[in-house]
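Asker: For reference, the chains in residue letters:
There are 2 protein chains.
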Amino acid sequence: MVDGVHFLSASMDARGVGHRAMASNLSDIAAMGARPVLATVALGVAAGTSEEWILECYRGMYALASEHGTKIAGGDIVRAPALLLSITVVGEVSRSRLRRRDGGRAGDVLALTGPLGASRAGLELMRRSLDIEASARESALRAFNTPAPRVAEGRWLAASSHVHAMMDCSDGLSTDAGRLAVASGLGATIVAIPTHDAAKAVAEALGEDGRTYALDGGEDFELIVAVAPRAFAHLARRFALHFGRPLISIGKLDKASGLRLHETAQPERELVPAGWDHLRYYG
Amino acid sequence: MVDGVHFLSASMDARGVGHRAMASNLSDIAAMGARPVLATVALGVAAGTSEEWILECYRGMYALASEHGTKIAGGDIVRAPALLLSITVVGEVSRSRLRRRDGGRAGDVLALTGPLGASRAGLELMRRSLDIEASARESALRAFNTPAPRVAEGRWLAASSHVHAMMDCSDGLSTDAGRLAVASGLGATIVAIPTHDAAKAVAEALGEDGRTYALDGGEDFELIVAVAPRAFAHLARRFALHFGRPLISIGKLDKASGLRLHETAQPERELVPAGWDHLRYYG
Chain V
-5 MVDGVHFLSA SMDARGVGHR AMASNLSDIA AMGARPVLAT VALGVAAGTS
45 EEWILECYRG MYALASEHGT KIAGGDIVRA PALLLSITVV GEVSRSRLRR
95 RDGGRAGDVL ALTGPLGASR AGLELMRRSL DIEASARESA LRAFNTPAPR
145 VAEGRWLAAS SHVHAMMDCS DGLSTDAGRL AVASGLGATI VAIPTHDAAK
195 AVAEALGEDG RTYALDGGED FELIVAVAPR AFAHLARRFA LHFGRPLISI
245 GKLDKASGLR LHETAQPERE LVPAGWDHLR YYG
Chain U
-5 MVDGVHFLSA SMDARGVGHR AMASNLSDIA AMGARPVLAT VALGVAAGTS
45 EEWILECYRG MYALASEHGT KIAGGDIVRA PALLLSITVV GEVSRSRLRR
95 RDGGRAGDVL ALTGPLGASR AGLELMRRSL DIEASARESA LRAFNTPAPR
145 VAEGRWLAAS SHVHAMMDCS DGLSTDAGRL AVASGLGATI VAIPTHDAAK
195 AVAEALGEDG RTYALDGGED FELIVAVAPR AFAHLARRFA LHFGRPLISI
245 GKLDKASGLR LHETAQPERE LVPAGWDHLR YYG
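Residue numbers (the numbering used here), protein chains in the order written: chain V, -5 to 277; chain U, -5 to 277.
FYI, nobody ran anything at the bench for these hints, they're computed from the structure. Bear in mind that the values here come from a model prediction, so they are computed numbers and not experimental data. A hint or two may mislead.
Unchecked claim - With a straight-line cut-off of 20 Å between C-alpha atoms, the simulated DMTMM-like cross-links for lysine to aspartate or glutamate are:
1) Lys249(V) x Glu262(V)
2) Lys65(V) x Glu86(U)
3) Lys65(U) x Glu262(V)
4) Lys249(U) x Asp96(U)
5) Lys65(V) x Glu50(V)
6) Lys249(U) x Glu264(U)
7) Lys65(V) x Glu86(V)
8) Lys65(U) x Asp22(V)
9) Lys65(U) x Asp96(U)
Construct the complete structure from the given sequences, taking the supplied hints into account.
Answerer: What follows is the structure in structure tokens.
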């Protein structure tokens, strides 16, 4: 994560930056069904970086890592032209529980561990003052500053042989659902875009469609899973019992390539990836 | 490693930059007596970075990693204000063979797996044209562009219970011998500064003392080890038989704190760390 590209040290809470950097790395481990064992942190400090900012950033990383039993085992600190943060997390998983994005099969149900768009809504709230309900404001800001990687959910899901593929939705549904499908050599049809209430509230206040936050916002860290269709209903019931939240069906994997959106009573249309492209300003 | 801080992409060979970045990470694993299993690479690309430069840099990393049976298992690529490279290497070692810099005991012989200063000599040759012998030129440039991390040496040494502490000498002897001593709660007396012939040749051509390259140059990646004194002669004989090069005794660890240089027929003097400080231009 680079200052000015992935975060703005001048205007963002240091602890939140540390938390989000660790969250995105833990989320990658969660998406493989693994237990995050240890993390290493390489920090580049620029001439203007304050020691207090660095300490707060570490506190944010440390608090979230500890919550998941992950040790910060080492790292490096160098000077750099901009503040930057490179985290590596090492995870552990048995071969039979390892999940990747390329294991999906045609006909699999695509499902999400939670609704999307709240993180993007939080970012909008950081940028401007908006008159929305306190509870929506609070959950949007929490989703942005202290997102929860789905480590327990990933391990639980990977324990089922009916879960064929997983990945995290950190770059937005329009981007990541397509990536899972392509990696599995398939296409996908999305029939529902689970949108977080906070995303709906913020988008409405801005005259926008909350579903675009879910499709293109990113940084939500919910997991997308591909599940054998005959096992889905039972798995979703057990998931809801265990986690107290639904495993939300959003569509299915198809033999036909491409990513389609086909909502009830709407014509089918192609979904174009418009989420985070890590090199979008490059070149 | 950051462009403009640790390397200069405009004037340095991309393959060499990749090789050296991987070497310094493998060297840290070697210094713990471990086998480097896998590496992850985070790459930040700046607006002006050419694709060919990146590919060459990866080739350099990949070739050296492969040589040591290390897989490049993943990583990340982002845009950044300057080209940067963050490598993490995961190693594996049994508990009994794990060595750290803090295990040295008073009276231990300090030894090096090879002479120092060649990398700094190579850097000088990159900067200016010098009239020196071809063989010295070649080994200086090789030491700078394609240094060899002492992975086999580290594992071999760690197999001996008489080797109490190890670290790599990547920041220069004046810095790293002191670090090992301090970590072990001790001081050290250095009685010899093994200086690479190429360092002597380049330094002489510049009217300098090759020993300052060995003391302060860094990036040599030889290992410093602390060995039980009664076991040293036998270990050094076996090392020379196995590797075809000597294990060079350079002094000993003392109860008295501080780092001293005491060469034959010279008065003892304090050695001041003047090697690489990773934050020296910071703040």
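Asker: Hey, Lys65(U) versus Asp96(U), does the alpha-carbon distance stay inside 20 Å?
Answerer: violated, 29 Å
Asker: Do the alpha carbons of Lys65(U) and Asp22(V) lie within 20 Å of each other, as the hint requires?
Answerer: Judged against 20 Å, a Cα distance of about 19 Å means the pair holds.
Asker: Within a Cα-Cα threshold of 20 Å, do Lys249(V) and Glu262(V) meet the stated pairing?
Answerer: holds, 16 Å
Asker: What's the verdict on Lys65(V) and Glu86(V), does the C-alpha distance respect the 20 Å limit or exceed it?
Answerer: Holds: Lys65(V) and Glu86(V) sit about 13 Å apart, inside 20 Å.
Asker: Lys65(U) and Glu262(V) were given as a pair; does the straight-line alpha-carbon distance stay at or below 20 Å?
Answerer: violated, 44 Å
Asker: Given the hint that Lys249(U) pairs with Glu264(U), does the C-alpha gap stay at or below 20 Å?
Answerer: Holds - the C-alpha atoms of Glu264(U) and Lys249(U) are around 15 Å apart, at most 20 Å.
Asker: Quickly compare the C-alpha distance for Lys65(V) and Glu50(V) to 20 Å and report which way the hint goes.
Answerer: holds, 17 Å
Asker: Does the alpha-carbon distance linking Lys249(U) and Asp96(U) stay inside the 20 Å limit?
Answerer: holds, 14 Å
Asker: Lys65(V) and Glu86(U) were given as a pair; does the straight-line alpha-carbon distance stay at or below 20 Å?
Answerer: holds, 17 Å
Checked against the numbered hints given earlier, the structure breaks hints 3, 9 and satisfies all the rest.
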